[in-house]
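Chemist: Chain by chain, the residues run as shown.
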Amino acid sequence: MVDIVFLVVLGVNITLNQRIEGYQMGISSLVNSIEGFKDTNAKAAEVTRKIALYKKVTSEQQDISGKTTFLIAHLPNDVLLREYVFENGAYTLTLEMNSPIKMAQLIANYFLNKNVKEIVISAASLDAYQSKYTIVFRVSFVK
Amino acid sequence: MKLFIKNILFYFYVGDYSLIYFIIFMFSFVLFGFFGVRSGVIFAIEKNDVLTQLIALNDDLQAKDSQMITVAETLRTAAQYVRRLDAAIPDKSSMEVFLADFAVLAGNSGFGIQRFSTTQSTKDSVIVNIDLFGDSVLLPQFLTNLKQLNRLVTITKVDTVQKDRISTTRLVLTLYFKEIPES
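Protein chains in written order, with my numbering: chain A, 1 to 143; chain B, 1001 to 1183.
FYI, nobody ran anything at the bench for these hints, they're computed from the structure.
Source: prediction; values computed, not measured.
Backbone N, C-alpha and C fix where the C-beta goes; we use that ideal spot for every residue, glycine too.
Careful: at least some of the hints might be erroneous.
Using C-beta positions, here's what the derived DEER-type ranges look like [as the list claims (entries may be wrong)]:
| # | chain 1 | residue 1 | chain 2 | residue 2 | range |
| --- | --- | --- | --- | --- | --- |
| 1 | A | A45 | B | D1159 | 18 to 28 Å |
| 2 | A | A42 | B | L1031 | 50 to 60 Å |
| 3 | B | T1077 | A | N113 | 41 to 51 Å |
| 4 | B | D1086 | A | G89 | 27 to 37 Å |
| 5 | A | P100 | B | K1163 | 43 to 53 Å |
| 6 | B | F1012 | A | N13 | 31 to 41 Å |
| 7 | B | F1012 | A | D3 | 21 to 31 Å |
| 8 | B | D1086 | A | D78 | 26 to 36 Å |
| 9 | A | T92 | B | T1077 | 45 to 55 Å |
| 10 | B | I1113 | A | G89 | 44 to 54 Å |
| 11 | A | G22 | B | F1012 | 17 to 27 Å |
| 12 | B | A1087 | A | A42 | 12 to 22 Å |
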């Protein structure tokens, strides 16, 4: 009886040993397989980081070309664009014209666009000799 | 004790081995029953614990392995997009490649390059100052065309000045490249 119990216990031990050995080999094989994916893992991490940077940068970008097109396209023909500056999210235009009424019309035209948040005239001067008005103003958009 | 040994020798002498068998039986009973079975059960319990841990580890590694296979497969499927992403955010600043692409784009948009300079700003971006000449009327289209560049570019500043029928434009762009991991 004791021998049978001993044999059973021995059999259980041998079975457990075999299963442990099997799992050890399986684990060793899996570890090798995962180590083989080392480059893939690094590439995936790099791609993830680049996508995050791409998303961050593009989400903060403004549609500068669209706004520039809008601002320049609305300029009357006889108004001369002396300087155009985009910086820190604001657009500054220096215009030369022979009548200040054109400026008023231009501002009215700009405000037809609901995205135009603010127009600030920072300087206006008159060249009496040439009868030319020079106006500097800054346009801010909602976003 | 002497009697015991004497009895054993006697049994041997007369050819009756039953006592010997009994003694061997008792010895094996104690040996296997107490030492063998007990320690065998203890070992079996310990081995079972180890096996349980190994099964958990194996399952975990199998999940990781299949996860890595999926990642590798996804990267392989998205290879063309990854190449475009690598071009948009290269490993190095690759200014020569950008300058070549930019010069072609500017030329096609009616602008020429007067001056080109770079300033390192952060660990993953570089500031580029470009002076251009060309008709300011073409500026909106040129800014639109900048989107055609393979690089991820942010327009930081645009300054166009018209003087004596000559228009000069200063562009300040931010280019991005792969972030250098902190050591």
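Chemist: Take the hints in turn and mark each one as holding or not.
Modeler: Status of each hint after checking the structure:
At about 39 Å, the beta-carbon gap between A/A45 and B/D1159 misses the expected band of 18 to 28 Å. At roughly 58 Å, the beta carbons of A/A42 and B/L1031 sit within the given window of 50 to 60 Å. For B/T1077 paired with A/N113, a C-beta distance near 43 Å keeps the hint of 41 to 51 Å intact. For the hinted restraint 27 to 37 Å between B/D1086 and A/G89, the CB-CB distance of approximately 30 Å keeps it satisfied.
Range check, A/P100 to B/K1163: about 23 Å between beta-carbon atoms, so the 43 to 53 Å window is missed. For B/F1012 and A/N13, the Cβ-Cβ distance of about 37 Å falls inside the hinted range of 31 to 41 Å, so the restraint holds. Taken as a hint, the range 21 to 31 Å holds for the pair B/F1012 and A/D3, whose Cβ atoms sit roughly 25 Å apart. Distance hint check: the CB atoms of B/D1086 and A/D78 are about 49 Å apart, inconsistent with the given range 26 to 36 Å.
For A/T92 paired with B/T1077, a C-beta distance near 47 Å keeps the hint of 45 to 55 Å intact. At about 26 Å, the beta-carbon gap between B/I1113 and A/G89 misses the expected band of 44 to 54 Å. In this structure the supplied range 17 to 27 Å is violated for A/G22 paired with B/F1012, their Cβ-Cβ distance being about 50 Å. Checked against the hint of 12 to 22 Å, the pair B/A1087 and A/A42 passes, with Cβ atoms roughly 19 Å apart.
Violation of the numbered hints given earlier is confined to hints 1, 5, 8, 10 and 11; the remaining hints are satisfied by the structure.
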